[in-house]
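Student: Sequence:
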Amino acid sequence: MLTKKWTKALGMMVVMTVAPAAFASSPIKLNCPAGTVQKGGSDATHDITACVKKSEQGFKPHGPTVYFYPNGAKQAEGQSENGFRTGLWTSFDEKGNKTGTAMFKGSNFHGEVVEFYPSGKVRKVDLYSEGLREGTAKEFSEDGRVVKQVEYRNNREVAAK
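Just so we're aligned, residue 1 is where the sequence shown starts under the numbering used here, counting upward by one.
Simulated from the structure, these hints should not be mistaken for lab results.
From the three backbone atoms N, C-alpha and C, an ideal C-beta is built for every residue, glycine too.
Some hints here could point you the wrong way.
Ranges of calculated distance between the beta carbons of each label pair, as one might list FRET restraints [as the list claims (entries may be wrong)]: (1) L88 - E151: 18 to 26 Å; (2) V147 - K54: 42 to 50 Å; (3) G120 - K54: 17 to 25 Å.
Using the sequences and the hints given, assemble the complete structure.
Tutor: Shown next, in the form of structure tokens:
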């Protein structure tokens, strides 16, 4: 199960379309793909900076996307495609420490989801396929020992150690 921090960070990252008012000038420069423009900011009134493209529903993140905490610290960064998270995303705490990484496909977990201890050591590794747990999930002690191992098939636990 995902920690509350990851769940909160991912909940804030769920962006299908973004209202134009959510964007302003941005202090960071993203490498936006052709046909997109950078919008957003990292101040108390803007929690996202992203490359966006216009659609019938408004603006959709498409390309590099960065989310911020209210204090301006980076919360998460990754790639978006037509409003959906895709590829590798990284989450951070308010002090800038990496708290997790996750692979996405169509805004669903797809591949490894890794959570880290504040020390930076791996705390947990889950495997997903199209948003469903699939394979062996492992939890580690801070000294790197496997303390729990659960096997999943089609999002159901089938074995545990």
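Student: Now tell me, hint by hint, if it's right for this structure.
Tutor: A quick look at each hint next to the structure:
| no. | hint | result |
| --- | --- | --- |
| 1 | L88 - E151: 18 to 26 Å | 25 Å, holds |
| 2 | V147 - K54: 42 to 50 Å | 49 Å, holds |
| 3 | G120 - K54: 17 to 25 Å | 40 Å, violated |
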